[in-house]
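Student: Since the structure of chain A is already known, use the hints to place chain B on it.
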Amino acid sequence: MVDLARFCADFDIDLREAQQVLNSSTGVADSALPWYVQVIVGLSAWVTAIVTVLFGGTILEFMGIADFEKLPLAILGAGFLAAGLGLLRRGQTGLFLTQLAIALAAAGNAMIAAGIWFQWELWPAAAASVVIAGLVVRTTSNRQLQFLSSLFAAGLVVVWLLDDNIAHCLDIAAMGTLAGALILLYPPQKDMRPTAVVLLLMVPLLSAIVDIVPGSLEQASRGGTIAKITSIAIFLWLVVLLWRRMTTRDTRLQLAGFAVAATAVSMILPAGGSAALVIMMLAFVLGSRPLALLGILLQIWSLWRFYYDLHMTLLDKSLVLVAVGTVLLGLWWFVTRDRFAKVQE
Amino acid sequence: MPPTLNSEHAALSTSASAPNQSESAANVANSKRHAYHWAMDASHGSGVELPETNILRDAGLLTAKRYLDATWQVRKSDDWSTWARHALLALGAGHLLAGIIFFFAYNWDDLPVLAKFALVEAGIIISALSAFFLGMDRPAGQALLIGASVLTGVLLAVIGQVYQTGADAYELFATWVLLILPWTLASRSAAHWLVWLIVTYLAIGLYGLQVLIPADRLDGTELLLILGAVSAALLAVRELVCRSGVPWLAARWTRLVPAFATLLFTFLPAIEYVIGEHLFFEGEPHDMIAFFAVLAAAASVYTTLQKDYAVIALATGFGALFLMAAGGRLLVEAIGFEDIPQVLAMLGLLAAWCTLVTGAAVRLLSTLHARMGAGTGG
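Residue numbers (the numbering used here), protein chains in the order written: chain A, -13 to 331; chain B, 2 to 379.
Extracted from the complex, chain A is given alone in its bound form:
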C-alpha cells in the first residue's frame, strides 16, 4: 500500500483535499459495509422492488387498461425510472433505499424498452435503452445502476444486431472492447467503469445470445477479422504501456515474448476467448482483482461454449486448443525459467 502523502506528492494532488474526498467516500456507514453484505441486502431490496412492480402492474389492471403491455407499460416504466433516479439523487440514502431505487430504476428501464419494442420495433427500444443508460451515467453516480442499465442497453443492441442480421456484427461488438479498454485506461472524470466493463463484455454477450438462439447468426454475416485485429491491437497497446514501465532487460524480454504469444493466441482463438484474455491483460495492467476474476470466469465459459460451437469440427477445435495451450505453456516456461534455475541452484 502506497502512503497517501507520497502518492499526493508524486501526482501533484493537494493532500488535504485528497483526504477530505477519501474520508467523505467512506464515511457513510452503509457504504463501508463489505461487498457481500451489499449483495445480500441488494437481493432483499430486489425482491421488494419486484413486488412493487407487480403492485404497479396490478394497479394498471385494476384501472382497466387492457392493453397495458404496450405504450402504457412504457409510461409506467418511466414512472418507476423517475422514482428510482429521484431516490438516488437525494444524496445520503441508506443502503436499503439505494438498492430499492436501483431495482425500481432498472425495472422501469426494462418496462420502457419492452413497451417500445411491443408498440413499434426492436431498434427504437435498443436506442431508447442506450439513451436511458446515458441518462443514468449523467444523473447519478450509482455504479450498480450504471452497470445494469448499460448491460441492458448492450444486450438489446446485440439482440438487434442479430435480429436484423446486421453484417459484421462481431466486428461491431469488438469496437465495444476497444471503447471499454480506453475508458478503463484513461477514465473520464465521471465514473464510467461499469459501462466500460459492459463494453468489454459485448463480444461474449453476442456469443452467449447466439448460444441461446441457435441459428440466429449466419456465418457469412458474422465477420470476425476486424475483431481479431482489434484484440491484437489492444494486446500490443497494453504491451507498449507496460514496456514503458519495465526497466530491466529481462522483464522487457518477457514482455516481448508475451507480445508474440498474445498475437498468436488472438489469431487462433475465437473472438470470445480473445475478449476474455484482453480482460485478464487489462486486469494485470490496472492491478484490478475484479477484472481478473471476470476474465478467468469468461475464459472458462468461452472454453465451455467452444465445445458446442457448430462452425468447427471437434478435431479443428482440439487442434486450436492444443496450439493455444502449447503457446501459453511455452510463455509460462519462458517467464519462469529463471525462477526454476534459482530453485534448482
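All the pointers check out, no bait thrown in.
Within a straight-line C-alpha distance of at most 20 angstroms, the following computed SDA-like cross-link-like pairs (lysine to any residue) qualify:
1. 308(B) - 238(B)
2. 77(B) - -11(A)
3. 176(A) - 67(B)
4. 77(B) - 231(A)
5. 176(A) - 55(B)
What follows is a set of in silico ranges between Cβ atoms, one per label pair, in the way DEER data are often shown:
6. 247(B) - 293(A): 30 to 40 angstroms
7. 161(A) - 287(B): 54 to 64 angstroms
8. 68(A) - 65(B): 29 to 39 angstroms
9. 9(A) - 341(B): 49 to 59 angstroms
10. 357(B) - 233(A): 51 to 61 angstroms
11. 276(B) - 68(A): 25 to 35 angstroms
12. 65(B) - 234(A): 24 to 34 angstroms
13. 9(A) - 298(B): 36 to 46 angstroms
14. 172(A) - 126(B): 44 to 54 angstroms
15. 302(A) - 305(B): 57 to 67 angstroms
Please keep in mind that the hints were generated in silico from the structure rather than gathered at the bench. Every residue, glycine too, gets a C-beta built ideally from N, C-alpha and C.
Tutor: Coordinates of chain B only, in the frame set by chain A:
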C-alpha cells in the same frame, strides 16, 4: 516517464532545486511539503490502493493522463507477477487439457477399447508421477494431482461405457470419491479438497435420487437436509483441523463454501415447507426447524467462538429471505389472491413487509459490522 516508487524527498527536492523553477512552482512544493508533514502527524498509516485511486480520479484530483501511472504506482507488483505466472500456467494447462479432451471426444467412437483405457490410464500415471517428482506441496504438483483425480472419474466412466456394467451413476461417483481420497490427503491442497467435496456431494445426491427416494425411504427435502448435515459436519471438521494449526486449510473460502452449502441446503426445504406444495399448517415442520437450528448455531459459533462476520452476513441474508417468503404466505392465507382488490392489498402489504425485513437486516448487519469488523475470520 511514469514515476517510479520514489520517495517524497526525491519529489520535493527535484521541485525545489530545479534552476528554472518558477515561484509558483516553489510555492506548490512548499505547500506539498507542509501537507506531507501534516498528514504524517494527522493520519499515519493512511494508504492508497486502486479503489482510492479511482475515488481520487472521480473527484477530479487525478488527471486522466496520469491515472495509469497512478495505478502502476499503487499496484502490488510482486502479487501481480505471481498472479500472471499462475494465470499463464492455468490457462496453458487448461487449454491443452481441453484440447486433448476435445480430441478424444472427436475420435471416441472410433478408438479401440484398449486405446481408450491406455490413453486415460497413461494420463493418470503421467500426472501422478509428475506430481510426485515436482513436489506435491507445490502448485504445479497439486494441479497435476487434481488432474489425475479428474481423470480417475473419466476412467470409471469409460469402464462403465465399455463393459455396460449396469451400475448406477452413484456407484461411479462413490468409487471415485474413495479412489481419489489418498491423493486428496497427500496434496494438502484446499482446491483439491473442493474437487473431492463436489464429487462427494454428487455421490450422496445421486444415491438419494437413484436409491433412497425411489424406495420411499427418503423424500427430496430430506435429501437436501442430509446434504446440509454433511456440509455442517465438514465445516465442523474444518474448524477443528484449523484450530490444530493446519495452514493450507486456513483460507477463508474453505469456511465460507461449506457454510454457504449448509445454509442453502437447509434453506431450500424450509422455503418449500412455507411456500411449496404443502399447506401451511401441514407438512413437515422439521424442515423449518432444521433451518432455524442452523441459523442459531451459525449465530452462536461465529459471533463468539470463531468470529466471522461473513458467515453471519450469509445467515442474516438467508434468514431475511425466509421471513419475506413466510410473510408472503401468511398474507396470501389471510387476505386471499382471488380478485384484484385482494391482490392489491396483499402486494401492498407484502412490499411493506419486505421493506421492513430488509431494513431490519441492514440495521442488524451494520451493528454487527461495527462490533465485529468485516475482517474477522480465519
